[in-house]
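Engineer: These protein sequences, in sequence, are chains A and B.
So in the numbering used here, the last one in the first sequence is 265, and the numbering has no gaps at all.
So in the numbering used here, the last one in the second sequence is 1437, and the numbering has no gaps at all.
The reader is advised that the hints may include incorrect statements.
[Stated by the list, open to error] If you only want the chain B side, here are some residues facing chain A, beta carbon under 8 Å, derived: (1) H1128; (2) P1129; (3) Y1135; (4) E1197; (5) N1198; (6) E1387; (7) F1391; (8) Q1394; (9) R1396; (10) G1397; (11) I1398; (12) P1399; (13) V1402; (14) V1407; (15) F1411; (16) E1414.
Calculated directly from the structure, the hints in this document are not laboratory data.
The C-beta atom is built at its ideal place from N, Cα and C for all residues, glycine as well.
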Amino acid sequence: MFGQSREVQQTLKFMSLEIRNLHARIASNGTEILKGLDLIVEKGKVHAIMGPNGSGKSTLSKVIGGHPDYEITEGEILLDGTSVIGMEPDVRSRAGLFLAMQYPMEIPGVSNANFIRAALQARLPEGEELEATDYYANLYSKMDGLEMDRKFTARSVNEGFSGGEKKRNEILQMLMLAPKYCILDETDSGLDIDALRIVAGGVNSYRSPKVGMLVITHYQRLLDYIVPDIVHVLVNGRIVRHGGKELALELEERGYDFIREETAA
Amino acid sequence: MTVLDTTEHPANESVNTTGPDFANHPESFRATQQAAWEKFTSLPMPKRTDEAWRFADTRTLDISRFGRAEAVSDATQAMLVKLSIGLEHTSGQMTFANDRLLSRHFHGDSLNAKGVLWLPLEQAIAEHPELVAKYFMREEARIGSGKFAALHASQVRGGMFLYVPRGVEIALPVETYHWLSGENASLFPHTLIVAEENAKVTVLDYFANASECPGFVCGVNDISTAAGAKVTYVAVQEWNRNTLAFHMNNTTVARDASVLTLRLNLGGARVRDEAVSRLRGPGGRSDMLSVNAAEGAQIFDQRTLQIHEAPNATSDLLYKNALNDTSRTIFTGLIRVDKGAHKTDAYQKVRNLVLSDEAEANSAPGLEIEADDVRCTHGATSGALDEEQVFYFQSRGIPRRVAQQLVTFGFLSEVFERIPDAALAAHLCDLLHGKLG
Ligand SMILES: Nc1ncnc2c1ncn2[C@@H]1O[C@H](COP(=O)(O)OP(=O)(O)OP(=O)(O)O)[C@@H](O)[C@H]1O
Ligand SMILES: [Mg+2]
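Please put together the full structure from these sequences, using the hints given.
Structural biologist: This is the structure we're talking about:
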C-alpha cells in the first residue's frame, strides 16, 4: 500500500489489523454503507480517520467489532492474520480488539466495577477467579491516571454519566482490558478542554510497539494530543485519501468538498 | 437447598378429603378448624372466568394427589437443621419440617424481652388462645383464594407466632425455616406477626424442600400493626420445581405504622402469591415488593390489593419479574381508595424483563378510587434484553450468557435497595446470585 515489499507485507499481516476490500450493508434494509474499504493498522502505529457525517466511520468500527446490525458482503477483516468474520463480538474482544464507542451504552443495575471485572473474568481460564484486591488496585490506579472519581466504580455503567464522563469511562475500560488494537470513535466529542488533555494522556500512555490504534475524529484538535502516524479520509464508504498529520490541518481549513471534488474528478 | 430425602412416606389420603388436622390443638381452635373445613369443602374450585384467576390455568389446580405430611426421620431432621443457614446475625431461628418444630434457638436476649412472645404456632394456640384468636386470619380472603385460605385454617399446625409488645424493638431479624419432605406431601406454614404500638421487628421466612419430590404448600403470612409499629417481612421462596404453592398475605397498617414486605421467588413449579395491604390509619405506609426470577416452566401468579381505608396513607408496590425459557408470570393488582381516604399516595409498578420469546408476562394493574385529592399511579412495562446493551457487553469480551445474567441481576436486585438493613439486602443479593449463577 505504501510501497512496502511483499516480504514486509507478509510480516505485517501478523502484526496488524487488516481490512481488505470491505463491503458491508445494513442487515435490516440492505443499504450498503462500506463500499470496498482498505486499511491496515499496524502495531505500534496510530491511524486517524476523518470524514463527513454519515460517511461510514462508526459503521466501520462496529463492523470490525461484529455488530449484528451489519452484514459483510465482501472482503476480509484480519486480526493478526486471522479472519474475525463470523466470530461473536465477545470472542473478537478477547482476541484483543477494543472499541471505544461514539455513543457508549448505559447499563442500569450493573456497576462499573462489576462490568469491568466481568470483562476481565471472561479472559481467565474456566474455574479461575479474578483476584479482587489486585483488581481494585489496578482499577483505582487507572482511574487516578484519568482523574476519575472513585464513585464511578459503584455507579451503574454510564447511567446518568455526562457525555465527557462516558468517554473517559471508555478509555478506562480500554486501559483495564489492555487490547492489542483500539478503535476510538470520536472519543474527543463531549470532552472539555482539560478532559481532552487528560484522556489523550491516558491514550498516549497506552501507545506502544505492541498496540495499534485507529482514532476516528472530526477535529484536528485531538490529533494535536494524540499525534497520528497516518491520516485517512473516509468518504461514502471508502478511504479516498491518506496523508500525514498535515492532512488533518488541511481538512480543518478547507472542509471535505475539495476531496469530494477531486475524487469525483 | 435440597438434600436427598431418606424418609419413607406412607401413602396418605388426599388433603382434599381427610378433614381438619386437629393436631394437639385445644377444643376451641378445633371448632375454628372444623368451620374452615366446611367452608373449604363448600366453596367451588377457582375458575378461569373468576376475575381473580384471570390468565391462570385453573384446570391444573387439582390437589387431590397431595396428602398429609408425616414427621420426618431423625437423620433428615438433623440434616435439615444443619441446612437452615440464613443471616449471620439474628435474634433467633426456628426450623420446621413438615410443619413440626425441629429446633428453636435464641441468639442474645431480645426475644426474651418482657412481653415478647416468640412461639411455635401450636404452642401459642395452646398457651395464648385468646391472643392468637384476636389476630388469626381475621381478614377475609379478598383476591381469589378463599377456598385455599379455608383449607389452610383447617390444616394449620406449623409456623410461628411473634408478638412484640408496645415500644419493644427487636434489633436483629427473626428467622423461620420451613422444609417440606416426602412424596406428594402437603405443608401449611403459618407466620403471624403482631407488632404493638411503636414496636419494631424484622422477620424472614425461608421455604424449601428436602428433596425433588412433588409437594403442595398452602401458607399464610399475616402482619398486624398498632400505631407507629415498624415491620419488615421477607419471604425467601425456594420450593423445588415440582411444588405447587399458595402463599397468602394480609397486612394491616395502623396510624403511622409502616410495613415492608418482600417476596423473593426463586423456586416452585407454580407459585401463587396473594398480598393484601390495608391502610387503616393516617400516616401509615405499606411497601409491597416482589422479586421473581422465573425460568424453565415456572409459573409465578401474583395478585395484590392495596386498600386505603384511612386518609393520608401511602402504599408503594414494586414487583419485578425476569422471565427466561418458557416461564410465565401473571400480575393482577388493584389499588382501592375508599371514600374519605383523602390525600392517599398509592403506587403500583410492575416491571417485566422477558428474556425469551417463549416466556410470557401478563400484567393487569388497576385503580378504583372513591376519594378526592389522591395521588395514584400504576403501570406495567415489559421489555426484552436490549441488543445494543448486549453488544456493548460483548464488545468488552463478556459472553451473551453472562451479559444476560448481569442485566437480570441488576434489574431484579434494584428492588433490594428499598431495604434499609444493608446486611439483609446483601443476603438477598447472595440468594438471588445463587439462582442466576
Ligand atoms: N443500524 C443502522 N440502521 C440504519 N441506518 C444506519 C445504521 N447504521 C448506520 N446507518 C446509516 O449509515 C450511514 C453511516 O453511518 P455512520 O454512523 O457509520 O456514520 P459516521 O461516519 O460515523 O457519521 P458521524 O460522523 O456523524 O458519526 C448513515 O447514513 C447512517 O444513518
Ligand atoms: Mg460516527
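Engineer: Find the hints from earlier in the document that the structure breaks and name them by number, from lowest to highest.
Structural biologist: Violated hints: 1, 2, 3, 4, 5; rest satisfied.
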